[in-house]
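Assemble the whole structure, with the sequences as input and the hints as a guide.
Here the protein sequences come in this chain order: A and B.
Residue numbers for the first sequence follow the numbering used here, beginning at 46 and rising by one.
Residue numbers for the second sequence follow the numbering used here, beginning at 11 and rising by one.
These are calculated hints, taken from the structure and not from any lab test.
Just to be clear, a hint being listed does not mean it is correct.
[Stated by the list, open to error] Straight-line distance between alpha carbons at most 30 Å, and here's what the computed DSS-like set of lysine-lysine pairs gives:
#	chain 1	residue 1	chain 2	residue 2
1	B	K100	B	K271
2	B	K341	B	K271
3	B	K100	A	K294
4	B	K394	B	K266
5	B	K235	B	K350
6	B	K271	A	K294
7	A	K294	B	K235
8	A	K84	A	K224
9	B	K394	A	K294
10	B	K235	B	K341
11	B	K271	B	K350
[Stated by the list, open to error] To give an idea of the interface, some chain A residues facing chain B are shown, with a C-beta separation under 8 Å as derived from the structure:
#	residue
12	F136
13	S296
14	F323
15	E324
16	D325
17	L326
18	D327
19	G328
20	A366
By construction, the Cβ of each residue, glycine as well, lies at the ideal position given by its N, Cα and C atoms.
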Amino acid sequence: MPEITYLQAISDGLREEMRHDESVFCLGEDIGAFGGAFKVTDGFIEEFGADRVWDTPLAENAIIGTAVGAAAEGLRPVCEMQFADFISCGFDQLVNVAAKMHYRQGLAVPMTVRLPSGGGFSGGPFHSQNPEAWFLQSPGLKVVAPSTPEDAKGLLSAAIRDPNPVVYLEHKHLYRRAKGEVAEGRFEIPLGEARVAREGTDLSVITYGAMVQLALDATEDLDGASVEVLDLRSLVPLDTGAILESVRKTSKVVVLHEATRSCGVGAEVSALIAQEAFEDLDGPVVRVTAPDTPVPFSPPLERAVLPQPDDVRRACLELLAY
Amino acid sequence: MSSSPTSAQTTVDVVMPQMGVSVAEGTVAEWRKRVGDWVEADETILEISTDKIETEVPSPASGRVTEVLVDVGSTVDVGTVLARIDTGAKPGEPHADEHAPQAGPAVAEPAAAEAGPLPEKAHPPEPAEHGGNGHGPPISPVVRRIAEEHQIDLSQIEGSGRRGRVTKRDVLAFLERRDDAAAERPLHIESPYRDEEPAPVQEPAPEREAAPAVGGEPLSLMRQKIGEHMRRSLDTAAHCTTIVEADMSRIEAARKSGREKLTYLPFVARAVIAALREYPMLNATLEGDRLTVHEEVNLGVAVSLGEDGLIVPVVHNAHELSHEGLAARIKDLAERARAKRLEPDEVRGGTFTITNPGAYGALLATPIINQPQVAILDLEAVVKRPVVVDGDSIAIRPMTYLCMSWDHRALDGALSAQFLSAVRRHIEEWSG
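Now the structure itself:
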């Protein structure tokens, strides 16, 4: 299998789906002639034509609203938000119209919204956010956040195939840094299945997205402790079985994410563990997250805000010693 | 911390519970608390056993145990008072025993001497080390659970966590050491919860002599019951074992195509039930000279409880279930059997039993009939073998031996062979 980047994997996944199924098309700002701000759709307009690769105005509300209509009519649109941060402009179409369509009208909305998310490159407060928790609060949406090229491709296919609107978070930091072998051709990674990124017995780090590799690196050598890393992959539906299984094994849990702390994925996972695995806990459930603050532009300040390997190491050592 | 007893005597009786409609009596298997111990409402105060079920009895109230009226091993009627609890007592007033120094495995004698219910020597009250009352380091939920499951006194363990907290790792390491030492450990000294037997207090010498003994621990109640049951069956039935070989290809394919991955067992169970409907004489019980052929199939399925033993929960009206329904019921019963959460009625009324130790790789066995049934089927390992198929060609097929022990008093070899052939036919022609 060829080794490709996370970015190429997303691009390949999208291209495979468009080749396979004419009802798949993509739309977004500068995705056509320019090939996308991050070049995910580079070459698409040449291969598929302007009818299936739409350059849209700077209007997220229109992008998502158009996609909702197309999806309700049976197409499978894939929207690109240039930055995840901008999705707030399309919020109503996504959380009210798309998410509730099935409940109100019984219509499927098989659309995917791609969200280039995350910080770490001095993008400042408007270009660095991880807005996944907003969508955990909107029943009707599914939310995925792949951490590897293989998952990026397989989850994108599954998202496009799913009859529900899916929010697909692709971390910008991984675009050209994460590399791995990815099978050629179409394949799906099922939504709602976590993956044990590394097995361990002493402590579980439960995380997703860009933090998976950070967790693996940070806990590789931790005074001989055996640290399990669970990659959630899907945030909705959440693989509660895999979470509880890991907790039952290790009894100590660090929940790690780059997004802000309050009411985030970490809060949800912690509450689940407290309720369902209380009698298996040997210490408090610890969250390592960004604080409740915007992501600063200044590099040292940004490093202070986003979880760093040392933060993870410290939290794990502290909990191991508890 | 005052040690003056309260005068307001509010006593609550702990009685032998009704454990299912058809159960009239129960046996005290183990006391978790002894006289003087504090017990919380719903905390386990003792374990009882009825027929084959062992279960925990929760305390009906919070208070201090004032009397234990029934000894371990005694069988009494449902409703009999087993113990009394003084609910007027206060927690945190330790009686001396609760803080008696616990003897480690090696030093048995002093603890035995001090452990009487009315110690002459009063120990100064000490703050509870592991009380979870804010003074000592906390006990985590998982440690508390493991300690309860294995009756570990946490004060015996030196904690390696923050402020000396006993971690899960500590308690598991302790458990491993204790299990390793079990063979040479003197009886009963380890557990602060078990009733001390009078003999060691008065005559400690014989126990010390017996201590390094030749692997001596009494059989658990469950093992004793299994032993009695098996011995009685061998003494009662005229055991014969018939074996047929079956090709599991169809079932193997069905297992792979199903929605969830099932074991062979529910498929074979389904085939057995179908065959029992054709040969109802095998779905029978023989008591004395009375043979009862049963309409419904109540299928017993042997579930291993590891070292503890074996239990045979019964899938009642199994003939009404598909193989998927059987799989779900067997899974549920097995899980609850291992968690000791079976109701006594769920181990009664079986009309035929399947035992399935095949996972361990054995090829053949001659099982012992589960009385008063007339036959038991043993499902052993499924192994790929070259077999002759379709005339004269040889193919590799997943094969298994179906070994059935049957009671020659109730039926003859021809019928058992016909029945087994029917089971084989249902297996080999499986169509879901």
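Verification of the hints:
no., hint, in the structure
1, B/K100 - B/K271, "violated, 53 Å"
2, B/K341 - B/K271, "holds, 13 Å"
3, B/K100 - A/K294, "violated, 37 Å"
4, B/K394 - B/K266, "holds, 16 Å"
5, B/K235 - B/K350, "holds, 16 Å"
6, B/K271 - A/K294, "holds, 23 Å"
7, A/K294 - B/K235, "violated, 34 Å"
8, A/K84 - A/K224, "holds, 17 Å"
9, B/K394 - A/K294, "violated, 35 Å"
10, B/K235 - B/K341, "holds, 24 Å"
11, B/K271 - B/K350, "holds, 26 Å"
12, F136, "violated, 38 Å"
13, S296, "holds, 5 Å"
14, F323, "holds, 5 Å"
15, E324, "holds, 5 Å"
16, D325, "holds, 5 Å"
17, L326, "holds, 5 Å"
18, D327, "holds, 4 Å"
19, G328, "holds, 6 Å"
20, A366, "holds, 6 Å"
Of the hints listed earlier, those the structure fails to meet are numbers 1, 3, 7, 9 and 12, in rising order.
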